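A.B. asks: One letter stands for each residue in the lines below.
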Amino acid sequence: MTSVSLVDVTKRYGQAAPSVDQLSFTIADGEFFTLLGPSGCGKSTTLRMIAGFVAPTEGTIRFGESDVTGVPPYRRDTGMVFQNYALFPHMDVTANVAYGLRMRRTAKADRAQRVREALDVVGLGPYADRRIQELSGGQQQRVALARALVIRPSVLLLDEPLSNLDAKLREETRSQIRQLQQEFKITSVYVTHDQAEAMAVSDRIAVLEAGVLHQLGSPREIYHRPATAFVANFIGRSNVIAGTVTDRDDTWLGVKLDDGSVLQASVHPDTLSATAEVGDEVALSLRPEAIEVAGPAPAAADREIGTLHGRVTAVEFTGSTSQITLERKGGDEMLVSVTDSDDLPEVDTEVALRPDPARIWTVQP
Amino acid sequence: MTTGTVPTDGIVAAPARRRRAITAADRFIYVLAVPLALVLLIYVVMPMLATVVTSFNNGGTAYRAFLSSGSTLSALLTSVGISVVSVVTAGVLGSTLAVLLTRFDFPGRRALRVFAILPMALPPLIGAMSFYYLYGSSGIMPRALAALTGISADAVAADGIAGVLLVHTLTMYPYFYLSVTAGLAGSDASLEEAALNLGARRSTMWRTVLLPMLTPALVSGALLTFMVSMASFTAPQFYNVNTLTMRIVGAKTSGDYELAAAQSTVLSAVSIAFLLAMRWYQNRRSTVNASKGTPQAATAVQGWPMRILAAVGSLVVMLILVAPVAAILLLAFTVDGTWTVQILPPQYTMSNFVEIFTHARSLRPLLVSAQMSGLAMVISILIGTLTAWVVGRWRGRGAGVLDVMIMLPWALPGTVVGINIVTAFAAPTPFNLGQVFIGSLWILPLAYVIRFVPLVFRNAAASLAQIDPSVEEAAQSLGAGPWRTLQSVTLPLMAKGVIAGALLAFVQGFGEYVASVVIYPPRFIPLSVEIYNRQYANELGSAFAYGSLQMVAILVVLIISELMDRPPRRRSRARTTPS
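Residue numbers (the working numbering), protein chains in the order written: chain A, 1 to 365; chain B, 366 to 944.
Source of the hints: derived by calculation from the structure; they are not laboratory data. These figures come from a predicted structure and were not determined experimentally. For glycine and all other residues, C-beta sits at the position ideal for the given N, C-alpha and C. Heads up, a few of these hints could be off.
Unchecked claim - Pair ranges (Cβ atoms, derived):
#1 B:Arg849 <-> A:Thr275: 27 to 37 Å
#2 A:Thr271 <-> B:Gln831: 48 to 58 Å
#3 A:Ser66 <-> B:Ala792: 52 to 62 Å
#4 A:Asp8 <-> B:Ala860: 39 to 49 Å
#5 A:Thr271 <-> B:Arg644: 52 to 62 Å
#6 B:Val479 <-> A:Ala200: 54 to 64 Å
#7 A:Asp194 <-> B:Arg478: 47 to 57 Å
#8 B:Val677 <-> A:His90: 43 to 53 Å
#9 B:Gly799 <-> A:Arg75: 37 to 47 Å
#10 A:His90 <-> B:Gln667: 48 to 58 Å
#11 A:Thr275 <-> B:Leu856: 57 to 67 Å
#12 A:Arg104 <-> B:Ala860: 22 to 32 Å
What the hints assert, rightly or not - Reference listing, derived: stretches of chain A covered by chain B, where coverage requires no fewer than 3 residues with Cβ under 8 Å from a Cβ of chain B:
#13 90 to 101
#14 270 to 282
Produce the entire structure from the sequences given, and follow the hints as far as they go.
C.D. replies: Below you can see the structure in the form of structure tokens.
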């Protein structure tokens, strides 16, 4: 059990833009930490640097107090679960799980005992001497998990471990991983591109894009208080609209949008809304459920501050809510989610939209 | 940089950082790559250079002799001519067989499919010999024809260049047969249906759809056939045709090393150029077929007359393909010196085989070849497997260099490999580290390793390509060091390919003739040279008895490889079935 810190870690391949750029964060002892981002964002490279398969171009990686930057993977004491499981095809289930213990020269009796326990924990006790090829994808996944856990690693690394499972199994395994992690209190680093998965299991999430850390925080923080337009878009669904600060106060911010309408966003302490000055370029993040349809659009002269206007292009009934797609002036698409009712606007009508000022987030464009 | 243990850490931060960008895995690759590169440099690359250097001794007079002496130049032209014609004849035969066997269903098809690859089981020397005694002027077929029709045997015999072409055609058509069969099997029936649906007639469809798709298969078959024909030595030797390989051995035998070296250099240049052309073509061609359809089903041959005709035709083809093998087995039982002018040998005996295994002198060539080839196999396993791993895992440019170094001898004719070894290890020089192999125990294993390590390498590399690199990473993250990972995970997973390649290398060495005849030391006469000597001394039965043993060895290896390719049977699971 240990904490993991990255200090100014950069990875560059050749002359191209760095895959990971000046990344710094500390993962607390026993924390479930997730690296989240689209493919190519540098999350896997970061995980592989923590595992020791990739050496950082610059920067330091520490496990607890000790610098492990130059330590080879086999001396780092990490347990890793690979995306494709990477089980040894020439060994049976038991031999796979026992491999790490054999490398650690654990006594034979102890080894057998621990392998049995680990297989029981993941519910694979009866499969101990199956060949790997005889197992289903979900079972293989659990062998990989048992193999990583049985050595009681100081850090557990999980590289998109659920991406090869079907949807139902994915949710089951996800909660099983979380449960085991809590039970053993293992510091865990989890890589995924699936934001729902990340939200469900993580203590904290680091959102990466193009090798840069956009935001680090609890699932609630990054969902409700996105720091950048990228995070707002990537986590859940959001309408992100660029604008310029025209006016401000201690409690609100006036932002003129690209189509000429003006919105007022509430100021939240310790966020961009508290520091942005008049003339700054910002972006506003509007969650679809934080917008209400305020009837037909009035004539251009009568438009009020705090409203947006658009032409309805589609209305979709999805059950408890309905999704309204609109096109704003300039062609940008907007999504509004409303409680289903009988008087939804018709397609091709112009409507006014009123976002809730308290739920408008001012973010880095 | 807070817990650095090196005292100079703070002072030279930049280089220390850069050094860290090399991981332990990279370092392990260098540890293996350096000795492998040195070994390949000394034993593969250096001998080639030695030949080139030798060819320029005396200010390049050897090349002037090459160009001025009509016989050498005409030998080169003969080689090229034979190779071009071989490509055409082997191409027509191989492609026709491939199309017939994949597209048509007729009586005898399944048996013919098995027999179609039989020529691959013929060892080079004994194969050429059996063709000589089947179709040559003193062969079985011409004599039989002469007895039946009264035409003189010489008129119908395949002799001289015609004989060489016959041997080439019947032994090299599998290059086309296999590549065209694979090309047809990989093609999608819906493409053909699309062409017919769009209004193309069947012949137009073949010309505009199938033929362009088979072009890569035909080109690689042609290049391979051309290379192998240029390197051919045994057939020209039997039919006494003056090819470049014959001139090289002739020049070496008469002691003109400069001329032999110059001729070898020219032949190497041609062969390497063709190897490069093949690689270039294979890399350039686009993915032929993007869709994953099922290949066209075979059309059944309809109607009794046609079916009987097809059955008779396949029987004739089968007989032609089996004939050389049957001839080898038949001649192995003849009494030495009794077959003179008869159609078939008149007297048969078991004593040829009995003698091989009861007389120490007769057993010796068998043991020599087995031991030399066995030794070469062990060394090839070591070098080929490790090089395959380094080439597969090294992301630097060095990987390509090592790949070329180990595969180069594959393009070189055996004769040239022999000459290279002779020129490089005849006298102690700094380049060969003072090693002299001429006349030593090590010279044959050395030649076999150089010639056949590419077989182990290619098979090992192919198995390595099947292994997911993350399996190795998993081992490392579980605490296994690089060596431990290689030994407990990677090598066991590569084992099948390595064994298949090693067995192939062994039988190739066991039957090797072309390089052996250039370099063998008098104390260690290998099997093929002994076969040639026996045949030369008119001890035909003994020669073919040895040859049949070579053939059996090859068949055993082919069967073992075939069995290894099959998936293992599932073990019984009754005991552990989950409740």
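A.B. asks: Between arginine 104 of chain A and alanine 860 of chain B, is the Cβ distance one that fits in 22 to 32 Å?
C.D. replies: This hint holds: roughly 26 Å between Cβ atoms.
A.B. asks: For the range 52 to 62 Å, tell me whether the beta carbons of threonine 271 of chain A and arginine 644 of chain B fit it or not.
C.D. replies: Roughly 59 Å apart at Cβ, these two residues keep to the hinted range, so it holds.
A.B. asks: Take the C-beta atom of valine 677 of chain B and the C-beta atom of histidine 90 of chain A, compute their distance, and say whether it sits inside 43 to 53 Å.
C.D. replies: With Cβ atoms ~50 Å apart, the hint holds.
A.B. asks: Given as covered by chain B, does the stretch 90 to 101 of chain A meet the bar of three residues or more with CB within less than 8 Å?
C.D. replies: Per the Cβ count (3), the hint holds.
A.B. asks: Quick one: are valine 479 of chain B and alanine 200 of chain A within 54 to 64 Å, going by C-beta?
C.D. replies: Holds: the Cβ-Cβ distance is about 58 Å, inside 54 to 64 Å.
A.B. asks: Is 48 to 58 Å right for how far apart the beta carbons of histidine 90 of chain A and glutamine 667 of chain B are?
C.D. replies: 50 Å, holds
A.B. asks: Is the gap between the beta carbons of threonine 271 of chain A and glutamine 831 of chain B within 48 to 58 Å?
C.D. replies: 52 Å, holds
A.B. asks: Falls inside 39 to 49 Å, the C-beta gap from aspartate 8 of chain A to alanine 860 of chain B?
C.D. replies: 45 Å, holds
A.B. asks: Return holds or violated for the Cβ distance of serine 66 of chain A and alanine 792 of chain B against the range 52 to 62 Å.
C.D. replies: 58 Å, holds
A.B. asks: Between threonine 275 of chain A and leucine 856 of chain B, does the beta-carbon spacing fit 57 to 67 Å?
C.D. replies: Roughly 60 Å apart at Cβ, these two residues keep to the hinted range, so it holds.
A.B. asks: Starting from the hint 47 to 57 Å, judge whether the C-beta atoms of aspartate 194 of chain A and arginine 478 of chain B obey it.
C.D. replies: Between aspartate 194 of chain A and arginine 478 of chain B, where Cβ atoms are some 50 Å apart, the hint holds.
A.B. asks: Look at the Cβ atoms of glycine 799 of chain B and arginine 75 of chain A and judge whether their distance stays inside 37 to 47 Å.
C.D. replies: 42 Å, holds
Consistency note: the structure conflicts with the earlier hints numbered 1 and 14.
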